[in-house]
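A.B. asks: Produce the complete structure using the sequences and hints provided.
Chains Y and U, in that order, give the protein sequences.
Okay, so the first sequence: first residue is 1 according to our numbering, each after it adds one.
Okay, so the second sequence: first residue is 113 according to our numbering, each after it adds one.
Quick caveat, the hints were computed from the structure, so don't treat them as lab data.
Incorrect hints may have been included.
[As the list claims (entries may be wrong)] Derived lysine-lysine pairs resembling BS3-like cross-links, with alpha carbons at most 25 Å apart: (1) Y:78 - Y:57; (2) Y:42 - U:218; (3) U:181 - U:218; (4) U:164 - Y:83; (5) Y:83 - Y:42; (6) U:181 - Y:42; (7) Y:57 - U:115; (8) U:181 - Y:96; (9) Y:42 - Y:78; (10) Y:57 - U:218; (11) Y:78 - Y:96; (12) U:181 - U:115; (13) U:218 - U:164; (14) U:164 - U:115; (15) U:115 - U:218; (16) Y:96 - Y:57; (17) U:164 - U:181; (18) Y:83 - Y:57.
Computed from a predicted structure; not experimentally measured.
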Amino acid sequence: EPEVTQTPSHQVTQMGQEVILRCVPISNHLYFYWYRQILGQKVEFLVSFYNNEISEKSEIFDDQFSVERPDGSNFTLKIRSTKLEDSAMYFCASRKESDTQYFGPGTRLTVL
Amino acid sequence: DAKTTQPTSMDCAEGRAANLPCNHSTISGNEYVYWYRQIHSQGPQYIIHGLKNNETNEMASLIITEDRKSSTLILPHATLRDTAVYYCIVRVAHSGGGADGLTFGKGTHLIIQP
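C.D. replies: Dropping the structure here:
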């Protein structure tokens, strides 16, 4: 069964550094999402992406965040200048038309 | 999206049916009830969804009351691997434009006891 994959599984970075989290959505899916979950807290929506543009973003998704689909298979989340409070699990999700969202296993980001 | 209320935690014996309730008294006519679960910091996993009729798939059954103000997710024969946080989410069906980020609450932590 096809799955959403994410790399790396764990990323450690220094405060102020840029990080790029990578996701490979399921191949025939058209809609892509990023969520985050700070340890012990709820899963929070960040952004949705369709037809090469952002469809919706939350208040969390400020100018420090950006998303890109650089080729036909990858979907990335970039954080330009990481802060301590960006430490979280980041989940990618994807779906096809008229279907539900399928989530990847997540990337644990630790900002020191 | 309509607000949902779920118990914080529940226990269930292995092999028994686990019944997880969700209240959504402000649900609108075009909103569906979705259930996801999250096993120990893994990515949320879709379980089932429905509008007003009861639904069943290989994972679970979803019972929605006639007034649609509440629903129950049923795991018919719970196993230890079903220990997870279960989220009830009420929202319109996924939109064609992709503006359909899910809003997760705190969910119910279901613990399956051996």
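A.B. asks: Which numbered conditions among the earlier hints are violated in the structure presented, ordered from lowest to highest?
C.D. replies: 4 and 8
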